[in-house]
Structure formats: structure tokens, C-alpha cells
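Here the sequence shown is numbered in UniProt numbering, starting from 1 and rising by one per residue.
A few of these clues could be false.
Simulated pairs of lysine-lysine, BS3-like, Cα-Cα distance not exceeding 30 Å [as the list claims (entries may be wrong)]:
| # | residue 1 | residue 2 |
| --- | --- | --- |
| 1 | K25 | K109 |
| 2 | K251 | K202 |
| 3 | K64 | K25 |
| 4 | K62 | K25 |
| 5 | K109 | K33 |
| 6 | K103 | K25 |
| 7 | K103 | K33 |
Ranges between beta-carbon positions, derived for each pair [unchecked claim]:
| # | residue 1 | residue 2 | range |
| --- | --- | --- | --- |
| 8 | E220 | L113 | 51 to 57 Å |
| 9 | E220 | K109 | 57 to 63 Å |
| 10 | G293 | T224 | 25 to 31 Å |
Hints in this document: simulated from the structure, not taken from any laboratory.
Each residue gets a CB set at the ideal place from its N, CA and C atoms; glycine is no exception.
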Amino acid sequence: MATAVSRGTASAIVADAVTGYHLLKIDGYSRTKGTPNGAALTSDQFVVGGHHENATSTKCVKVKAQFQICFADQVETQPLLSSRPVRTFGDECLTWGHVKLIKRDEFEKSDDLRDDSFTIRCDIAVVGEIRTERTTEIAAETFVTVPPSDLNQKLGKLLDTEKGADVVFESPMFSAELFGSMKESDRAGVVFIDDMEAQVFKALLRFMYTDSLPEMEEEEEEGTMCLHLLVAADRYNLERLKLICEDRLCKHVGVGTVVNILTLAGQHHCDGLKKVCLHFLGSPANLSAVLAGDGFEQLSRSCPSLVNELVAMLAPPIPPSSHA
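Please construct the entire structure, taking both the sequences and the accompanying hints into account.
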């Protein structure tokens, strides 16, 4: 009997913002010193998130924003405005003052004033309305947990047993092939590995020696390699490698890949990966896109039990029968 798969949903609280900055150069600083306290020297208008940040109109719109004001030459990288407090503006059209001030005599002796001029940078993030969105993605960590590396322990075991090739300690199946009743070598001591591409076997050996996988430049290339490596890991009983591939394949589940990945998950007993695929197909939009292709017929032929699980997951719950 197929194991029932609970239907899961996911949502996200989104608090995004539109960012921008303005550079204001004060050229001829000494001639501005006579400006009375409280009087304003304004920059040109600039727009962030559809708002004129220094508009003088009497019609003000309330807006939430984060900001940072500093000398322009103090900014080497993009400021992290997320660490700044969110303030609400708009109740009054004009506001002034900043908590971080500098004394005039200290400023005039500093390197910030050059040739009687300096430039101020104002970074602003206009915060949008906080909203809730339904999502189709659930973190792979919800379904797949990769254990930490135990390569050091296995190297210690190799040292204690002094047994043969150094890949034996990583795979019980390799041990059986090289030393046990399943030995597949010819008289010259060569072990033949069938049904596996050379680059896949090379990646398999790399994992046995280094506990790491080769870097892949293309996302599609990584997905294809993980499919083949998962099969190889299951064949040679490399449980951690199998879980690593399972975890990475969770991130490759999409309309064009879900059928192949789900078929593989069913054939090699990858429960976490299977749940991710079934969750993806639980979205009506995703399911419709997959049904438009011919991959679902392939799944029905190769793993009909998975189709039954999907149908059971998507079927509405049967209401309890009422007795008169």
C-alpha cells in the first residue's frame, strides 16, 4: 500500500523596498556659512519609489523609509540600509535635523572639506506595503537532511584494517566487488564497471577520495550529473552521496524536470525528493503545465504507484458520513 503523502502549502510575508541615492555637492562652502539656523538649502528634486524626496508641495503622502546620510567619499560599497530603522514621513511636509552632527570647526579641519567644497550622499529605501504571498516552494531542508562528513572516521578505519584499495572503506559494495563473492575482475585484476559513464564514475571516485563533488558551471549540467550520481550512489550504497544528490535535485525540480526526477526518486527510494516533487505537482498551475507534455504518460508506465499517490494527495477529502 502506498504511503499517504500529506498535502502541504507554503506562503511568504514580503516586505520589499525600492532603493536609490542622491549626491549633493556644496560648492563654495564658506559662502553658505551665513545661512541662518533653521533655514534650508535644498537639493534638486529626486525620485525614489515614485516619491519626490525633497518636494516642497503642501500635499504630502505618508511613506515609510530607511535612510542614511554621509559624506560621499565615505561610501566604498553599497550601504546596508536594512540595518537602519524604518521611519514614517508625511505628517509634516518639512522636517530637519540628523542625530549624527559634526562641529563646524572640526569639519573645517577635516579631509572631507576640499577646495571649499564637499559632497553628501543620501541613500533612501522606500518601504512598500507588507503583503502575504502564496508560494509553491518549500525549502529542501524540510524533506532532505544531509549528514555531516565522516571521512576522518573512515580513514581511521582504513588505517586499522589495512585493507586493500582506499576506496573500499567508503563503499561496502566496492568491498564486495574487490574482495568478496561479488568480485567482477578479470584475471588481470581489472574491475569492470558497467552501465556508468566515465565522467560519472570519475565524480564518484572524487567523492570517495575528497568527500566533495566537482563544481559544475551550468545549472543543467549539475542536475544531469546529480541524476546519474544518485543512481551510482544507490548502487554502491554511498548513503551520504545519495542524500547530497537528493538535496541538490530538490533545487532542480521544475516543469521540465519533475517527471524524470520523480521517477528516479520512486525507483531509488528517495522519500524526501519524492515529497518535493509531489508538493510541486500539488500546484494546479504546475500540474497543468506538466500534463501538457508527454512525460506524465511515461511516469504512468514506469511508476504507476507514484501516480496513485499523486491522485490521493490531490483528491478532496471525503466528508464523514452522516447517520440519520
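Verification of the supplied hints:
For the given pair, K25 sits about 18 Å from K109 by alpha-carbon distance, which is consistent with the 30 Å threshold. Restraint check for K251 and K202: the C-alpha separation of about 23 Å stays at or below 30 Å, so the hint holds. A hinted pair counts as satisfied when its Cα atoms are at most 30 Å apart, and K64 with K25 qualifies at roughly 26 Å. As the CA atoms of K62 and K25 are separated by approximately 28 Å, the hinted pair is consistent with the 30 Å bound.
Of the pairs offered as hints, the one joining K109 and K33 holds, with about 15 Å between alpha carbons and a cut-off of 30 Å not exceeded. Our distance criterion of 30 Å between C-alpha atoms is met by K103 and K25, whose separation comes to about 19 Å. Annotation: proposed proximity of K103 to K33 holds, straight-line Cα distance about 13 Å (limit 30 Å). E220 and L113 have their C-beta atoms about 55 Å apart, which keeps the hinted 51 to 57 Å range intact.
One distance hint, 57 to 63 Å for the beta-carbon pair E220 and K109, holds here, with the actual separation near 60 Å. A beta carbon spacing of about 18 Å between G293 and T224 contradicts the range 25 to 31 Å that was offered as a hint.
When the structure is compared with the earlier hints, a violation turns up for hint 10 alone.
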